[in-house]
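Trainee: Sequence:
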Amino acid sequence: MTQSTSGSFWGRVTEKTEYFWNTNLYFALMLAVTAVSMLTQNVIPSTVALAVLCAWMLVFCRDILAAALPFLLIFLLSTLQYEDLSVFLPCAPLAALVIGGLIVHLVRWKKPAVAGHSIRGLLAVSVATLLGGVGFIPASQYFSPLSIYYTLGLGLGLLAVYLLLRAELELPRSYDLLCRLMQLLYTIGLAMVLAVGSYYLHHWAEFSQCWELPGISYRNFAATILVSTLPAVFYMVGQSRRHLFTVLLWCMAMFFSGSRSALLFGAVMVLLGFVYLVKRNYLPLWSFFVIVASVTVIMALFGSQIYDMFFGARGDPDHFISPTEERWLLLDRGFADFFNHPLLGIGLGNQKNIDLFAGVPGSMVFYHNAVLQVMGSMGLVGIVAYGRLLHDRIALLREGGRDPFMQALAVSYLGMALISLCNPGEFCPFPNAAMMVMLFAQAEEAVGDVAVPVRQLLVRHLGAPAGFLQF
57 MTQSTSGSFW GRVTEKTEYF WNTNLYFALM LAVTAVSMLT QNVIPSTVAL
107 AVLCAWMLVF CRDILAAALP FLLIFLLSTL QYEDLSVFLP CAPLAALVIG
157 GLIVHLVRWK KPAVAGHSIR GLLAVSVATL LGGVGFIPAS QYFSPLSIYY
207 TLGLGLGLLA VYLLLRAELE LPRSYDLLCR LMQLLYTIGL AMVLAVGSYY
257 LHHWAEFSQC WELPGISYRN FAATILVSTL PAVFYMVGQS RRHLFTVLLW
307 CMAMFFSGSR SALLFGAVMV LLGFVYLVKR NYLPLWSFFV IVASVTVIMA
357 LFGSQIYDMF FGARGDPDHF ISPTEERWLL LDRGFADFFN HPLLGIGLGN
407 QKNIDLFAGV PGSMVFYHNA VLQVMGSMGL VGIVAYGRLL HDRIALLREG
457 GRDPFMQALA VSYLGMALIS LCNPGEFCPF PNAAMMVMLF AQAEEAVGDV
507 AVPVRQLLVR HLGAPAGFLQ F
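Residue numbering for the sequence shown follows the working numbering, beginning at 57 and increasing consecutively.
Don't take every hint at face value.
[What the hints assert, rightly or not] The list that follows gives simulated cross-link-like pairs (lysine to aspartate or glutamate, DMTMM-like), each with its CA atoms no further than 20 Å apart:
#1 K167 / E226
#2 K408 / E382
#3 K167 / D119
#4 K167 / E501
#5 K335 / D364
#6 K166 / E262
#7 K167 / E268
#8 K72 / D119
#9 K335 / E501
[To be verified] Between beta-carbon pairs, the in silico distance windows are:
#10 W260 / L319: 40 to 48 Å
#11 P101 / L202: 24 to 32 Å
#12 L412 / F199: 35 to 43 Å
#13 A148 / G191: 42 to 50 Å
#14 H258 / V348: 31 to 39 Å
#15 I159 / K72: 21 to 29 Å
The set of hints was computed from the structure by calculation and includes no laboratory data. Treat the numbers as computed from the prediction; the structure is a model and nothing was measured. Ideal Cβ positions, reconstructed from N, Cα and C, are used throughout, including at glycine.
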């Protein structure tokens, strides 16, 4: 009798939870929970609530995507204390809650591990991140918590994310999965818009005294999220034109973030977004020319004032990119590290270049360029691994052709790639790299890439015994 009642209870809770996941209230609640900390400048309430929601969704919803959003939103809360992430330490025990929820999820809804073509690149990258710097990086740095986070997070961690999501995509579902993924990106982007807006809410007196954009510490992190999620907004315009208003919010957030990357690459994303809308017949061609003409007139009338507002507080307002910036020295150091250690690089966790980039607590020493990050940190092995990953992703995008989701994904990935040329970008495991893995896992499903059991792949490529991984 007790067992029956317990089963009935779990069934009812699961039914209600999955119903909630399939309503717009889900996204509204996740954003509202995030807003609590953004508006109060206290990371604890939203971190706790999002961790609990993540664990709840893992336990009571068979769709793991329902837990993905609260998990990724936790990382956006770092904007509140970007220069002192130690404030999150009291929330560390919550990791056990999320991990426990994941274990229950895997046990309750057993799904065979399957994979598509993306697994080749992700496996190669996992090997490259683990081998990076071996023979040169000091053991104390290789095994430091910071190094382990990036080494595993950018390699085996992303592989695990891919396998979890790919198994889920094989299940039947009652909603449009492509649209749901874009809604996830949309909500993450809105959370960053809220983060930028809340900064000015709490620093309005300072800003209104000089009307010059302040140096927001997380401006480049904001640029990465805003630029890579903006295509999701344009995708949603196809569902309703009211989302055009949200494009304006994104544009304002990118400008007021004070990030040059957001200003430059954000403009590229906006242009490509409106081209997408015109090509999909979501907007008439004349509207595109009206927008271009309006922007041209605004820049002609107020260009100097806008420039002064954006660059006035910078140390070198005469140069968009100052020739004396340390980023140029980091590029030189990246080439030197590659040529001195061409096979395996110096390792992701190496502190050798900390004299040029100290970063914030919790960040590794970035070269601020994805190409040199691979070359300098992982050498030729990294070049081959990431080359494989890039090749497979481009092939997937080309196969998708004219599909609206694939076009939006291509622009989103382009945005992440552009940002990664001058910022950490995709070398931040969560949420940046994880978002891309999530999208490309779905891209495989969208183009009909047949998922193969992982056990079968191991038997075929590694010569593992036929009974391997058979539980």
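Trainee: Now tell me if each hint is right for this structure.
Mentor: The hints, checked one at a time:
| no. | hint | result |
| --- | --- | --- |
| 1 | K167 / E226 | 9 Å, holds |
| 2 | K408 / E382 | 15 Å, holds |
| 3 | K167 / D119 | 11 Å, holds |
| 4 | K167 / E501 | 16 Å, holds |
| 5 | K335 / D364 | 36 Å, violated |
| 6 | K166 / E262 | 54 Å, violated |
| 7 | K167 / E268 | 54 Å, violated |
| 8 | K72 / D119 | 13 Å, holds |
| 9 | K335 / E501 | 24 Å, violated |
| 10 | W260 / L319: 40 to 48 Å | 22 Å, violated |
| 11 | P101 / L202: 24 to 32 Å | 27 Å, holds |
| 12 | L412 / F199: 35 to 43 Å | 24 Å, violated |
| 13 | A148 / G191: 42 to 50 Å | 33 Å, violated |
| 14 | H258 / V348: 31 to 39 Å | 35 Å, holds |
| 15 | I159 / K72: 21 to 29 Å | 22 Å, holds |
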